[in-house]
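Colleague: Here is how the chains run, residue by residue.
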Amino acid sequence: MIEINHLYKSFGDKEVLKDISATFENGKTNLIIGQSGSGKTVLVKNLVGLLDPTSGEVLYDGRNFVLMDKNEKVAMRREMGMIFQSAALFDSLNVLENVMFPLDMFSSMNYRERMKRAQECLARVNLIDAEKKFPDEISGGMQKRVAIARAIALNPKYLFCDEPNSGLDPKTSLVIDELLHGITHEFNITTIINTHDMNSVMGIGEKIIYIYEGKKEWEGKSSDIMMSTNEKLTDFVFASDLLKKMKQNEMEKMRRNNS
Amino acid sequence: MLIDKGLTLFGRYIILMGRAFSRPERIRMFAKQYVKEMSSLGVNSIGIVLLISFFIGAVICIQMKLNIQSPWMPRWVSGYTTREIMLLEFSSSIMCLILAGKVGSNIASELGTMRVTQQIDALEIMGVNSAGYLIMPKILGLVTLMPFLVIFSSATGILGAYGTAYIGNILSPEDLTLGLQHNFTPWFVWMSIIKSLFFAFIISSVSSFYGYTVEGGSVEVGKASTNAVVCSSVLILFSDVFLTKLLS
Numbered sequence: 453m454i455e456i457n458h459l460y461k462s463f464g465d466k467e468v469l470k471d472i473s474a475t476f477e478n479g480k481t482n483l484i485i486g487q488s489g490s491g492k493t494v495l496v497k498n499l500v501g502l503l504d505p506t507s508g509e510v511l512y513d514g515r516n517f518v519l520m521d522k523n524e525k526v527a528m529r530r531e532m533g534m535i536f537q538s539a540a541l542f543d544s545l546n547v548l549e550n551v552m553f554p555l556d557m558f559s560s561m562n563y564r565e566r567m568k569r570a571q572e573c574l575a576r577v578n579l580i581d582a583e584k585k586f587p588d589e590i591s592g593g594m595q596k597r598v599a600i601a602r603a604i605a606l607n608p609k610y611l612f613c614d615e616p617n618s619g620l621d622p623k624t625s626l627v628i629d630e631l632l633h634g635i636t637h638e639f640n641i642t643t644i645i646n647t648h649d650m651n652s653v654m655g656i657g658e659k660i661i662y663i664y665e666g667k668k669e670w671e672g673k674s675s676d677i678m679m680s681t682n683e684k685l686t687d688f689v690f691a692s693d694l695l696k697k698m699k700q701n702e703m704e705k706m707r708r709n710n711s
Numbered sequence: 061m062l063i064d065k066g067l068t069l070f071g072r073y074i075i076l077m078g079r080a081f082s083r084p085e086r087i088r089m090f091a092k093q094y095v096k097e098m099s100s101l102g103v104n105s106i107g108i109v110l111l112i113s114f115f116i117g118a119v120i121c122i123q124m125k126l127n128i129q130s131p132w133m134p135r136w137v138s139g140y141t142t143r144e145i146m147l148l149e150f151s152s153s154i155m156c157l158i159l160a161g162k163v164g165s166n167i168a169s170e171l172g173t174m175r176v177t178q179q180i181d182a183l184e185i186m187g188v189n190s191a192g193y194l195i196m197p198k199i200l201g202l203v204t205l206m207p208f209l210v211i212f213s214s215a216t217g218i219l220g221a222y223g224t225a226y227i228g229n230i231l232s233p234e235d236l237t238l239g240l241q242h243n244f245t246p247w248f249v250w251m252s253i254i255k256s257l258f259f260a261f262i263i264s265s266v267s268s269f270y271g272y273t274v275e276g277g278s279v280e281v282g283k284a285s286t287n288a289v290v291c292s293s294v295l296i297l298f299s300d301v302f303l304t305k306l307l308s
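Protein chains in written order, with this note's numbering: chain A, 453 to 711; chain B, 61 to 308.
Among the hints, a few may not be true.
[Stated by the list, open to error] Partial chain B-side listing against chain A, Cβ under 10 Å, derived:
{"no.": "1", "residue": "K92"}
{"no.": "2", "residue": "T177"}
{"no.": "3", "residue": "Q178"}
{"no.": "4", "residue": "G187"}
Worth flagging that the hints you see were computed from the coordinates, not collected in a lab. Just so you know, even glycine gets a beta-carbon here, dropped at the ideal spot from N, CA and C.
With the rest of the complex left out, here is chain B (with noise of 0.2 Å):
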């Protein structure tokens, strides 16, 4: 019965994948709409990456610097640990759970919104295809911004990094920079930007979908948009031990 229902919702999904990477209508519009999506889901969500991105930068410099450094561990532990972290999995998987949340709800109740309210009927009524319309650019543009959200976030985790060696006084800002070029593979910037990329395609495409399918009233809105977070949440946990495994 779970199988079952999994696999008819899984079927819906890639029915309504298929609808939404079709042709456009019209290219100026879907331009139009592409550049909007990157603004108000990509860019609008800037000051919330760099804000989280730095506090746990400094955590995490702290909490190693705190509970790892010992004498009998090199100077630069705490910087390269911070870097790592930062790198492999705070940027890339944590971000995208903290975006899922914030960029899924956005997108889930904006459709389902528009379907509530008829207005994805009047588009469909027009002749559009209201699924390229409206899930197109949606997906297209958080795949554009979100490598660029994952090198601002790691840039604002070491900067946090570097207040507590300058004003907490935690360790010393020499032992960090050593920490944070000790041993630095320029693949994991890739690996985490490669891994924000599938993020981004879950978090747009499966929001979309409970947005989409809404039917009823606003009560059933509230519940799509807290099932598509919880699903891409899910989904990207998922993801992440499989492409963790395959890029490492």
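For reference, chain A alone in the conformation it holds in the complex (with noise of 0.2 Å):
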């Protein structure tokens, strides 16, 4: 489990973060959702340590990261994966490679069981077919599916995806966010995906925190974005106008099931 105690975070005279505090549970894709820069990618940095906070807490299962040495945040930077918007794989190392990495850095495997776990995370993005290409010779969703594989060789507790949908059409996001949502499940995870795809929210988001401005403006589950009345979240869900269609439908239905 992951807490956020009145995290605050400045750059200069410029709050970027303020006062932020919640709870992400472990086994559950929690989503962080805003507009662009409204300060949720400072979040996740902050929570994953490439930002120090200004001020507040960071607890990983009642550990307080802030307060952290630096080699301690090493230490619990292992059992840490993270997904970044670019995907952000070593192009100079081929897909397979890229997987083994962290293996190769931290793990007491034989190059064997290197070999064997690496394969393993492939074949659970579904792209063993493709371990000897180099990332600049695969699609963008398939580089999204390799930096899975790759945040997940060491068994992560927690997994980070920086907008994991970015740059990729509607069917191939479907596929990370069910990967992303599996994965999360089957290793019991504490996901936390900062996004402002809409198919996401809707589709995987089981714990869903709203930034506004560098505020949580809302939180809750999925379902209760519908029936939700805060106009902020509703003006940045609902912003397109099939988006808007959808809603009424959807209340005028639940009125009709209701009456």
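Mind docking these for me? Both chains are given alone in their own frames, and the hints should help you get the complex.
Modeller: In structure tokens form, the structure reads like this:
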């Protein structure tokens, strides 16, 4: 479980995160949503230690990450996996070597075991045929799947995803969502996904936190969004005409069922 | 203001070098990177070093013969000056200036691209000391290979000089051999190698610093690459003066 207590982050005079508190549970896909520039990425970077918060606590199963020294943070990071918006695969390594990298670095397995584990991870994301290809030879969706395989290679307890669907078509996004959701439940990982993809929100969001201008504006499940009266949230989630119509239809259906 | 900026930059460089020269997480992975960097930074530079050295050696020899050699000078003077120029300055300092352009921009753009595409962040998240994993093998790789490049450069330069003697008939090969052997001081070879070790460190560490600390996008990577080459070149020129004075 990850807990954030009264987290603040400023860059000079500009306060980007303002008093954010939240809890992310094990075995659930937790979504952080919000408009571009609302502070989602900064929040995730604070959680993984790529940025240091100005004040506040980040607790990993009760252990305060902010107060840890450098070595403790390095050890803690070995329990984390992260999928970046750009996939961030090492372009000098092929797909298999990318997935093997964390195993080569930190596991005590021999070469055969490491190879077997990497192939298992690639099989989990349906990419076993692409293991000899280099990142620039595969599509964006495949790169994201390799990034997922690499992130789960060391069986992390915490998985962070920074906009995993950005730049992907809706069908590929769905594949990525299903993978992340499946892996979260299969390995009982605390997954935090930073997104503004509404399909992800409605499809896999077991807990959703809506950030607006650096503040936590709303918290709930995907099923609560339909009924939410929070204007900022509904403006954001149902921004397009299509989604607005869908919401109206859904509300009418509910009203009819109730009467 | 300028001094303040310079000191800040130097402080950041020292901190980064402190991180780079820490104990590697896995010796096996470090060794793999070290061999890879020796190949990409050193072995891949042999071609250009040989090419430039051959022609510069030939040109120096021609210039010396045409501009210095006279009936008043001993016949070994062209060969002697060619050897001294190649050994004392060209193969160490000038060759390193050329390599600052080739290797320095390569290092800065590689690390800069890794930074902007979040590959360095990915390493950090895994718990890898990214500076140690990426920078130390580059520095040690180039420092290891540089003395060989200097020796190859000197040898090829002299070969170029012989080319002018045998093919161009600018001077006789006997006169050239006499000059090359005249008053030879073995310490000059060591001096050249010692200087090149310092220059190799400057090229690899300064370029790594500029590449690793890139913030922004592709434009910044380009700027970092340029800054790395300019800064390395200036530092090589400054340190050349001090090292020459110190070692002579």
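Colleague: Would you mind marking each hint as holding or not holding in the structure?
Modeller: Status of the hints after comparison with the structure:
1. K92: Given a least distance of 9 Å, the restraint on K92 (chain B) holds.
2. T177: Because about 5 Å separates T177 (chain B) from the closest Cβ in chain A, which is inside the 10 Å limit, the hint holds.
3. Q178: With a minimum Cβ separation of about 4 Å from chain A (threshold 10 Å), the hint on Q178 (chain B) holds.
4. G187: holds, 4 Å
Violated hints: none; the structure is consistent with every hint.
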